[in-house]
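A.B. asks: Here is how the chains run, residue by residue.
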Amino acid sequence: MIKSIAIVGSGPAGFYAAEALLNADTDVRVDMYERLPVPFGLVRYGVAPDHQKLKRVTAVFEGIAAHPNFQFFGNVTVGQDVLITELETAYDAIIIASGAISDRKLGIAGENVSGSVSATEFVSWYNGHPEFRDHNFDLSHPCAVVIGNGNVALDVSRILAKSPEELASSDISKHALEALSTSKITDIVVVGRRGPLQASFSIRELRELSTLTGAEPVFDPSELDTTDISPEELKDAERMLGILKGFAHPDSSRQAPKRIHFRFLLSPQSIQGTEAVDSITFARCKLEGEAFNRRPVTTEGRETIPAGLVLRSVGYRGSEIPGVPFDDAAGIIPSKEGRVVDLEGQLKSKLYTAGWIRRGPSGIIGTNRACANETVEAVLADLGTSSIACDPALREQLLVKLKTIKPTNVDFSGWQRIDDLERKAGEACGKPREKITSVSEMLLAAGAT
Amino acid sequence: MPHIVTDNCSSCRFTDCVSVCPVNCFHGDAGRLYIDPDLCIDCGACIPKCPVGAIVEDIDILGSPLIDLNAEKAASLPVIMTKQSPLPGADKRREELMAEGLV
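Just so you know, the sequences run in chain order B and E.
The first sequence maps to residues 1 to 449 in the working numbering.
The second sequence maps to residues 1 to 103 in the working numbering.
Calculated directly from the structure, the hints in this document are not laboratory data.
Accuracy of the hints is not assured; some may be wrong.
Some but not every residue of chain B turned toward chain E, in silico, with C-beta under 10 Å [what the hints assert, rightly or not]:
{"id": "1", "residue": "Pro12"}
{"id": "2", "residue": "Arg56"}
{"id": "3", "residue": "Arg204"}
{"id": "4", "residue": "Ile365"}
{"id": "5", "residue": "Ala370"}
Simulated pairs of lysine to any residue, SDA-like, Cα-Cα distance not exceeding 20 Å [claimed, not checked]:
{"id": "6", "chain 1": "B", "residue 1": "Lys258", "chain 2": "B", "residue 2": "Thr186"}
{"id": "7", "chain 1": "E", "residue 1": "Lys83", "chain 2": "B", "residue 2": "Glu377"}
{"id": "8", "chain 1": "E", "residue 1": "Lys49", "chain 2": "B", "residue 2": "Ser202"}
{"id": "9", "chain 1": "B", "residue 1": "Lys235", "chain 2": "E", "residue 2": "Val56"}
{"id": "10", "chain 1": "B", "residue 1": "Lys55", "chain 2": "E", "residue 2": "Pro2"}
{"id": "11", "chain 1": "B", "residue 1": "Lys55", "chain 2": "E", "residue 2": "Leu39"}
{"id": "12", "chain 1": "B", "residue 1": "Lys53", "chain 2": "E", "residue 2": "Met1"}
{"id": "13", "chain 1": "E", "residue 1": "Lys83", "chain 2": "B", "residue 2": "Ile364"}
{"id": "14", "chain 1": "E", "residue 1": "Lys49", "chain 2": "B", "residue 2": "Ala370"}
{"id": "15", "chain 1": "B", "residue 1": "Lys55", "chain 2": "E", "residue 2": "Pro37"}
{"id": "16", "chain 1": "B", "residue 1": "Lys53", "chain 2": "E", "residue 2": "Glu57"}
{"id": "17", "chain 1": "E", "residue 1": "Lys49", "chain 2": "B", "residue 2": "Gly150"}
{"id": "18", "chain 1": "E", "residue 1": "Lys83", "chain 2": "B", "residue 2": "Gly363"}
{"id": "19", "chain 1": "B", "residue 1": "Lys55", "chain 2": "E", "residue 2": "Met1"}
{"id": "20", "chain 1": "E", "residue 1": "Lys83", "chain 2": "B", "residue 2": "Glu374"}
{"id": "21", "chain 1": "B", "residue 1": "Lys235", "chain 2": "E", "residue 2": "Gly101"}
{"id": "22", "chain 1": "E", "residue 1": "Lys83", "chain 2": "B", "residue 2": "Ala24"}
{"id": "23", "chain 1": "B", "residue 1": "Lys53", "chain 2": "E", "residue 2": "Ile67"}
{"id": "24", "chain 1": "E", "residue 1": "Lys49", "chain 2": "B", "residue 2": "Arg239"}
{"id": "25", "chain 1": "E", "residue 1": "Lys49", "chain 2": "B", "residue 2": "Phe292"}
{"id": "26", "chain 1": "B", "residue 1": "Lys53", "chain 2": "E", "residue 2": "Ser11"}
{"id": "27", "chain 1": "B", "residue 1": "Lys55", "chain 2": "E", "residue 2": "Gly44"}
Derived, one-sided and incomplete: chain B residues facing chain E with beta-carbon distance under 8 Å [to be verified]:
{"id": "28", "residue": "Lys53"}
{"id": "29", "residue": "Leu54"}
{"id": "30", "residue": "Val60"}
{"id": "31", "residue": "Ile64"}
{"id": "32", "residue": "Ser202"}
{"id": "33", "residue": "Gly360"}
{"id": "34", "residue": "Thr367"}
{"id": "35", "residue": "Arg369"}
{"id": "36", "residue": "Asn373"}
Built from N, CA and C at the ideal position, the CB exists for glycine as well.
The whole structure should be built from the sequences, with the hints applied where relevant.
C.D. replies: This is how it looks when you write it as structure tokens:
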């Protein structure tokens, strides 16, 4: 008998789980539930708008969605519109791949003052996420500080550094392009608590910074202390160091109007400002611990950087879904080999998880393919040992109920109508697409109202 | 500017790369793998997965015949989607490559 699987979330992990299920020898049907009317999760709302080549991965997802046994239910929030208990009744297995879009806080004084925001909020804003499009960012101060040493920190710095002309051919949302066109920011300071050898930047994204037309990356080599570093660590970080050192001697004849400064060994202590951020104070750090496991330890040295915008990019966490165990400290769903367990380690029958909500926010798009494949192996192994399948009538009943309680749910053809309109709107202004940024307009475009 | 599989893959064929490729752009014969440059989206997920450092960006080897070789071979060989066993002697070959400083 055909087995029915529900997938919660339509980002890379969700789609790769669907792919692995539909490619398996077992006869399965996959229903994908998504909170927004539109699919693709962080490929649409996380990947930078000027990284269009990466976004081409959606062609793979579209291929998966074209499978006759795949159905998409957009604009349906699991845990609210449909309960986990209802999914457990209707499906043989449920894979939670809801991702991690909430941010981690710095936990320092002044963090909540206006102008101190998470990088994920800024990213969601420029990428046109409906829940963030009305946010405002003060871009009137010449200096912005970006805290964190990962690729998101590089993304937001690059978007702040690019000229409106450079951004115009991306699919950055109109409201963000307009706001950034009036930006007075000239200096972006990217700060890490540890040293350059410990940074998590990708080589490719770091190298990209030297190709910007109106901005130059700047690195002060005196912040690179290699005296106590092992040769293995140096070899491991060789390429990144090479690129950073290339930033050490900016071309003074160019006089780029903007600069991206790389600063290291600085731990944020407090953000100053009454109505809005006016500066941020860091403690100087030194590194302690073994090779490949160096920790920053604060010293008495302090440095204050005047800034009007502080973007923190120090990690992400998932959100809890009612009815699914959640490890609040780690911000993930606890699991073993993709099988969800409760906080005591007991297996939760039928529940599985994949992607960032399973293992935390590490790795890139393809990492989630390996992750989802492992989860699906667990699902298929468990389905294989179980002789009973859910009565397909139970799934039918749920889908009938869904039509009544959420008549505005969007199927994949509804998304394709949105996609088509967005591409056409983009064409008119020389962009790959102009995203629709409100849920009501999405529903209208999908024909779901 | 796609990614390219170099000769380090020959005699090894670890295939760890294919499990993280988001677009299934790896093709292969019995001896080694190649990347389809039209499909590769330059995400770089494969680079750290290769035990012999056999994947590079084409801008790092500009002018190399490997760029055309990847395109030609990928066009005619089947897609490799799941990890397979490395070739016999792959670990020994890896040690040799490391000793030569090629990894």
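A.B. asks: Work down the list of hints and note, for each, if the structure agrees.
C.D. replies: A quick look at each hint next to the structure:
Here the hint on Pro12/B is kept, as its CB sits about 7 Å from the closest CB of chain E, short of 10 Å. A cut of 10 Å between beta carbons decides the hint on Arg56/B: the least distance to chain E is about 5 Å, and the hint holds. Below 10 Å, beta-carbon pairs count as interface contacts, and Arg204/B has one with chain E at about 6 Å; its hint therefore holds. The interface hint given for Ile365/B holds, since its Cβ lies 5 Å from the closest Cβ of chain E, which is under the 10 Å cut-off.
Taking 10 Å as the C-beta contact cut-off toward chain E, the hint placing Ala370/B at the interface holds, the least distance being around 4 Å. A distance of roughly 4 Å separates the Cα atoms of Lys258/B and Thr186/B; the hinted pair therefore holds under the 20 Å criterion. A hinted pair counts as satisfied when its Cα atoms are at most 20 Å apart, and Lys83/E with Glu377/B qualifies at roughly 14 Å. Simply put, Lys49/E and Ser202/B have alpha-carbon atoms about 14 Å apart, close enough for the 20 Å limit, and the pair holds.
Of the supplied pair hints, the one linking Lys235/B and Val56/E holds, its CA atoms being roughly 17 Å apart against a limit of 20 Å. Note on Lys55/B and Pro2/E: the hinted pairing holds, with a Cα-Cα distance of about 15 Å set against a maximum of 20 Å. Our distance criterion of 20 Å between C-alpha atoms is met by Lys55/B and Leu39/E, whose separation comes to about 12 Å. Between Lys53/B and Met1/E the CA atoms are separated by roughly 10 Å; this keeps the pair inside 20 Å, and the hint holds.
With a C-alpha separation of about 18 Å, the suggested pair Lys83/E and Ile364/B falls inside the 20 Å cut-off, and the hint holds. Between Lys49/E and Ala370/B the CA atoms are separated by roughly 11 Å; this keeps the pair inside 20 Å, and the hint holds. The suggested pairing of Lys55/B with Pro37/E holds, with an alpha-carbon distance near 16 Å, which does not exceed 20 Å. With a CA separation close to 15 Å, the supplied pair Lys53/B and Glu57/E stays within the 20 Å bound.
Between Lys49/E and Gly150/B the alpha-carbon distance is near 19 Å, which keeps this suggested pair within the 20 Å criterion. For the hint pairing Lys83/E with Gly363/B, the CA-to-CA distance comes to about 19 Å; that is within 20 Å, so the pair holds. A hinted pair counts as satisfied when its Cα atoms are at most 20 Å apart, and Lys55/B with Met1/E qualifies at roughly 15 Å. Simply put, Lys83/E and Glu374/B have alpha-carbon atoms about 12 Å apart, close enough for the 20 Å limit, and the pair holds.
With a C-alpha separation of about 11 Å, the suggested pairing of Lys235/B with Gly101/E holds against the 20 Å cut-off. For the suggested pair Lys83/E and Ala24/B, the alpha carbons sit about 15 Å apart, so the restraint of at most 20 Å is met. Simply put, Lys53/B and Ile67/E have alpha-carbon atoms about 19 Å apart, close enough for the 20 Å limit, and the pair holds. Restraint check: the Cα-Cα separation between Lys49/E and Arg239/B comes to about 17 Å, which is no more than 20 Å; the hinted pair holds.
Restraint check: the Cα-Cα separation between Lys49/E and Phe292/B comes to about 18 Å, which is no more than 20 Å; the hinted pair holds. Restraint check: the Cα-Cα separation between Lys53/B and Ser11/E comes to about 32 Å, which exceeds 20 Å; the hinted pair is violated. A distance of roughly 14 Å separates the Cα atoms of Lys55/B and Gly44/E; the hinted pair therefore holds under the 20 Å criterion. At its closest, the beta carbon of Lys53/B sits 5 Å from a beta carbon of chain E; the interface hint therefore holds under the 8 Å criterion.
The interface hint given for Leu54/B holds, since its Cβ lies 5 Å from the closest Cβ of chain E, which is under the 8 Å cut-off. Here the hint on Val60/B is kept, as its CB sits about 5 Å from the closest CB of chain E, short of 8 Å. For Ile64/B, the interface hint is violated, the least distance from its beta-carbon to any beta-carbon of chain E being 11 Å, above 8 Å. The beta carbon of Ser202/B comes within 6 Å of a beta carbon in chain E, closer than 8 Å, and the hint placing it at the interface holds.
For Gly360/B, the shortest C-beta to C-beta distance to chain E is roughly 17 Å, which exceeds 8 Å, and the interface hint is violated. Annotation: Thr367/B was flagged as interfacial toward chain E, and the flag holds, the nearest CB pair being 6 Å apart, inside 8 Å. Evaluation of the Arg369/B hint against chain E yields a held restraint, the C-beta minimum of about 6 Å falling below 8 Å. For Asn373/B, the interface hint holds, since its Cβ comes within 8 Å of a Cβ in chain E; the closest pair sits about 7 Å apart.
Against the hints set out earlier in the document, violations occur for numbers 26, 31, 33.
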